[in-house]
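Heads up: the sequence lines are chains A and B, in that order.
Numbered per our numbering, the first sequence spans residues 1 to 438.
Numbered per our numbering, the second sequence spans residues 1 to 140.
Keep in mind the hints are simulated off the structure, nothing from the lab.
Honestly, I wouldn't trust all of these hints.
To be verified - Cβ-Cβ distance ranges computed for the label pairs, FRET-style: (1) Thr281(A) - Gln138(B): 56 to 62 Å; (2) Lys131(B) - Pro90(A): 56 to 62 Å; (3) Ala39(B) - Ile161(A): 33 to 39 Å; (4) Asp46(B) - His17(A): 53 to 59 Å.
To be verified - Taking lysine to any residue and the SDA-like style, the derived pairs with C-alpha atoms no more than 20 Å apart in a straight line are: (5) Lys369(A) - Arg55(B); (6) Lys131(B) - Leu114(B); (7) Lys369(A) - Glu33(B); (8) Lys423(A) - Thr22(B); (9) Lys369(A) - Gln40(B); (10) Lys7(B) - Lys87(B); (11) Lys423(A) - Trp21(B); (12) Lys369(A) - Gln26(B); (13) Lys369(A) - Lys131(B); (14) Lys261(A) - Asn288(A); (15) Lys369(A) - Gly37(B).
Said to hold, decoys possible - Not the full set, but computed from the structure, chain A residues with beta-carbon under 8 Å of chain B: (16) Thr285; (17) Leu378; (18) Thr388; (19) Gly389; (20) Leu432.
As the structure is a computational prediction, the values presented were derived from the model and not from experiment.
All C-beta atoms, glycine included, are put in the ideal place defined by N, C-alpha and C.
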Amino acid sequence: MLTTTQEKTHSASRVQHLRSYYPFFSHNPNTIYLDSAATALKPKPVLDAILDYYETKSVNIHRGVYSLSAQATEIYESTRQVIRNFLHAPENWEIIYTRGTTTSINLLAYSLLRVKKELAPFFSAWHTPLGKGDIIVLSESEHHSNIVPWQIITELTQSHIYFLPVRKNGTLDDSPLAGELKNLPVKIISLAAVSNVSGVVHDLKNFIEFAKNKGAIFIVDAAQAVCHGGFSLRDNPADFVAFSGHKIGGPTAIGILAGRKDVLSVLPPFEGGGDMILQVTKEKTTYNEPPHRFEAGTPPIGEVFGLRAAVEFLTLPLCREIMAQESELTTMAMEIIQELGGTLYGPSLDEVNSAKVKKAGIIAFNLGKIHPNDVGTLLDEQNICIRTGHHCCQLLMQAWQISATARVSLFLYNTKEELLLLKEALRQILRLFGKKIQ
Amino acid sequence: METIEEKEKAIEEEFLMFEDWTDRYQRIIEIGEENPGLAQELKTDDRLVPGCISRVWLMSEYKNGKLYFYADSDAAITKGLITLLLKVLSGHRPQEILNARLDFIDRIGLRTHLSPSRSNGLANMIKKIKKEAESYAQAA
Numbered sequence: 001m002l003t004t005t006q007e008k009t010h011s012a013s014r015v016q017h018l019r020s021y022y023p024f025f026s027h028n029p030n031t032i033y034l035d036s037a038a039t040a041l042k043p044k045p046v047l048d049a050i051l052d053y054y055e056t057k058s059v060n061i062h063r064g065v066y067s068l069s070a071q072a073t074e075i076y077e078s079t080r081q082v083i084r085n086f087l088h089a090p091e092n093w094e095i096i097y098t099r100g101t102t103t104s105i106n107l108l109a110y111s112l113l114r115v116k117k118e119l120a121p122f123f124s125a126w127h128t129p130l131g132k133g134d135i136i137v138l139s140e141s142e143h144h145s146n147i148v149p150w151q152i153i154t155e156l157t158q159s160h161i162y163f164l165p166v167r168k169n170g171t172l173d174d175s176p177l178a179g180e181l182k183n184l185p186v187k188i189i190s191l192a193a194v195s196n197v198s199g200v201v202h203d204l205k206n207f208i209e210f211a212k213n214k215g216a217i218f219i220v221d222a223a224q225a226v227c228h229g230g231f232s233l234r235d236n237p238a239d240f241v242a243f244s245g246h247k248i249g250g251p252t253a254i255g256i257l258a259g260r261k262d263v264l265s266v267l268p269p270f271e272g273g274g275d276m277i278l279q280v281t282k283e284k285t286t287y288n289e290p291p292h293r294f295e296a297g298t299p300p301i302g303e304v305f306g307l308r309a310a311v312e313f314l315t316l317p318l319c320r321e322i323m324a325q326e327s328e329l330t331t332m333a334m335e336i337i338q339e340l341g342g343t344l345y346g347p348s349l350d351e352v353n354s355a356k357v358k359k360a361g362i363i364a365f366n367l368g369k370i371h372p373n374d375v376g377t378l379l380d381e382q383n384i385c386i387r388t389g390h391h392c393c394q395l396l397m398q399a400w401q402i403s404a405t406a407r408v409s410l411f412l413y414n415t416k417e418e419l420l421l422l423k424e425a426l427r428q429i430l431r432l433f434g435k436k437i438q
Numbered sequence: 001m002e003t004i005e006e007k008e009k010a011i012e013e014e015f016l017m018f019e020d021w022t023d024r025y026q027r028i029i030e031i032g033e034e035n036p037g038l039a040q041e042l043k044t045d046d047r048l049v050p051g052c053i054s055r056v057w058l059m060s061e062y063k064n065g066k067l068y069f070y071a072d073s074d075a076a077i078t079k080g081l082i083t084l085l086l087k088v089l090s091g092h093r094p095q096e097i098l099n100a101r102l103d104f105i106d107r108i109g110l111r112t113h114l115s116p117s118r119s120n121g122l123a124n125m126i127k128k129i130k131k132e133a134e135s136y137a138q139a140a
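Isolated chain A, as found in the complex (with noise of 0.2 Å):
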C-alpha cells in the first residue's frame, strides 16, 4: 500500500515518464503549453507512425495489385477496428474518415440536406424530407463547427434552429424539452459532449431520449470529449458521433464520423470522386457501400497510421491513468484563478468540488478588466501558451454578455510545476497592470 506523498511521487514520475514521449518538450525546453483544447502535442509514436507509411510504404490503398498496396490497405481498414473500440461502438457501426469534426458535421448535414424518405424506417421523424418548419436543436454553447453547417442547411429547407438556452455555470438548460420543443417537429439534435469553453461534460441522457421518442437523429459532437475522458456510446447511446484525431495527439486534418451501417448505407453521399463509386456511366453513377462512399479522392493514408498510433497510445494504461486524474489539476487551476480574483466562467469551483457538474481540463477565465488578449500576449512573453478570444464561441459570448476570455486547458502532459509557474506568470501581469485596473 502507498502512503499519499508516495502516491504524488509516483504519479508525478509517471507523467514525468509520459513526457519523454513528446519531442516537443525537448525541442521547447522553457515553454508550457496549455492550449492542447486547440490542439493536442503529438507523442513519437505517432509520428513514428506517419514516417513508417511515408518512408516504408508509400503507395496508394484499395484497388493496388500489389503486395505494399495491400498491406497499406490493411492497416487503414482495421483501424476502423480501433476507432470502434475507442468509441466503444458496436459491430453495427461504421467508421468514415474525415478531415476532422468540421468535415464530419458538415458531411452529415450536406447527406441530411439531400434524404427523402430513406430515413423513415430508422427514424420516425424522417417521413418527409427536413423542409419547412422542422427543427434542428443545437445549444448556445456549440462550437461554430456545430452551428454554421446547420445555419447552411436551414436557410435551403426553410427549417428553423431551435437554441437549448445555457446557465451561467454551463449547463444546458433542458426544460424546452418538456415545454417548447415538446409538440415542435424535431428532425435533428446535435450537441458537444464537453465544452470547449466552460469545460462542462454534459448530461446528455435527457436530450438522447428526447430524440429517441420524437424519431430524430442524435448527433455529438466529441471533439473535446475524446481527449477528456473519452467518449463512450454506451453511456451516450447517439446516432452519430463527430471527432478530431489532432485533439488526441493524432495528425492535424484526420477525423472521423461514426454512425450505424444501415443507416449510413441509405445516406446520400457528401463529395463525388474517385473511391466512392460501383458504376460511372455517362448516364448514372451508382454509388459504394459506406464507408467508402463517403470517402471520396485519395484517402488521408498517412494520417489514418498516426490517428491509430495515437488512440494506440492515448489508450495505453500509463495514460489513461493520468487522464483519469485530470480533475485534479483542473481544480488547482481554478483554484490558481480565484485565489488572484480572476473571474472563472462555467462552473464554480465548489460546483465542480461537490460532483455537482462534471467539468473537464478546460478553464475559461479573466483577470480583472485587463483583456484577456494582454492576458495571452504577456503569458506569451513568459513562454506559456494559452488562448484568448471567442474560442469559436460566439453564441456562449453573447449569452455570458462577454466579448472574450482566456482560456487554459490541460491534457496529460500537464504538471502541477507548471500550474504554479502559470500562476506567477499570471501575478506578474497583475504587477505589471497595477491595483487600479482591477
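Based on these hints, arrange chain B on the given structure of chain A.
Just chain B, lined up with the frame of chain A:
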C-alpha cells in the same frame, strides 16, 4: 517638426533602456493610457481594424496636406501599440507615411507582434494606416 525617422529613433532610444519585458510592456501600456481614445459614438464597426481579437478602431483626418490618425482599443497593450504607431506616423504627409519602413518595431523587441497570425494585429494596423495614406497620396 521631427521626421518619422527621428521619432522612431527617439522611441528606440527610450525602449533600449528597458531591462526586461515587464518594463517594455509597462511603457506600452502607459503610452496607451496617454491616448484619450475615441468617443463612444466614433467606435463604429466600419472603423475597426480587421483581424484583431481585441477591437481596434482607427480614423483619419486629412488637413493641409497632412494625415492625422486617431485610434482606440479595448485592450491595453493593443491600445499602446496603436498609439505608438500613431506617435510616429500621425501628422505626416501621405507619401512620407507610405515610405516609412517602421524598422523600430523590430529593434524595440516587438517583432513578434508583426507576424500576421498575431491576434494583436499590429501588422493589420500598419496595413490599414498605409492604405489610408495611399488613397490620399493618389489624390494629392
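Comparing the hints with the structure gives:
Between Thr281(A) and Gln138(B) the C-beta distance comes to about 58 Å, which sits within the given range of 56 to 62 Å. Distance hint for Lys131(B) and Pro90(A): a CB-CB separation of about 58 Å, consistent with the stated range 56 to 62 Å. One distance hint, 33 to 39 Å for the beta-carbon pair Ala39(B) and Ile161(A), holds here, with the actual separation near 37 Å. Taking the beta carbon of each, Asp46(B) and His17(A) are about 55 Å apart, inside 53 to 59 Å as hinted.
Distance hint between Lys369(A) and Arg55(B) is fulfilled; the C-alpha atoms sit about 15 Å from each other, no more than 20 Å. Under the criterion of a C-alpha separation no larger than 20 Å, the hint pairing Lys131(B) with Leu114(B) is consistent with the structure, at around 17 Å. For a cut-off of 20 Å, the pair hint linking Lys369(A) to Glu33(B) stands: about 14 Å separates their Cα positions. With a C-alpha separation of about 16 Å, the suggested pair Lys423(A) and Thr22(B) falls inside the 20 Å cut-off, and the hint holds.
The hinted pair formed by Lys369(A) and Gln40(B) meets the criterion: a straight-line CA distance of about 18 Å does not exceed 20 Å. As the CA atoms of Lys7(B) and Lys87(B) are separated by approximately 8 Å, the hinted pair is consistent with the 20 Å bound. Only pairs whose Cα atoms come within 20 Å are accepted, and Lys423(A) paired with Trp21(B) is accepted, the gap being roughly 18 Å. With a CA separation close to 16 Å, the supplied pair Lys369(A) and Gln26(B) stays within the 20 Å bound.
Among the hinted pairs, Lys369(A) with Lys131(B) is inconsistent with the structure: their alpha-carbon atoms are about 32 Å apart, more than 20 Å. Between Lys261(A) and Asn288(A) the CA atoms are separated by roughly 13 Å; this keeps the pair inside 20 Å, and the hint holds. The straight-line distance between the Cα atoms of Lys369(A) and Gly37(B) is roughly 17 Å, inside the 20 Å bound, and the hint therefore holds. Because the smallest distance between the Cβ of Thr285(A) and any Cβ of chain B comes to about 41 Å, over 8 Å, the interface hint for this residue is violated.
Hint status for Leu378(A) relative to chain B: holds, with the closest Cβ pair at about 6 Å, below 8 Å. Checking Thr388(A) against chain B: minimum C-beta separation of about 6 Å stays under 8 Å; hint holds. Hint status for Gly389(A) relative to chain B: holds, with the closest Cβ pair at about 5 Å, below 8 Å. Taking 8 Å as the C-beta contact cut-off toward chain B, the hint placing Leu432(A) at the interface holds, the least distance being around 6 Å.
Hints 13 and 16 from the earlier list are contradicted by this structure; the remaining hints agree with it.
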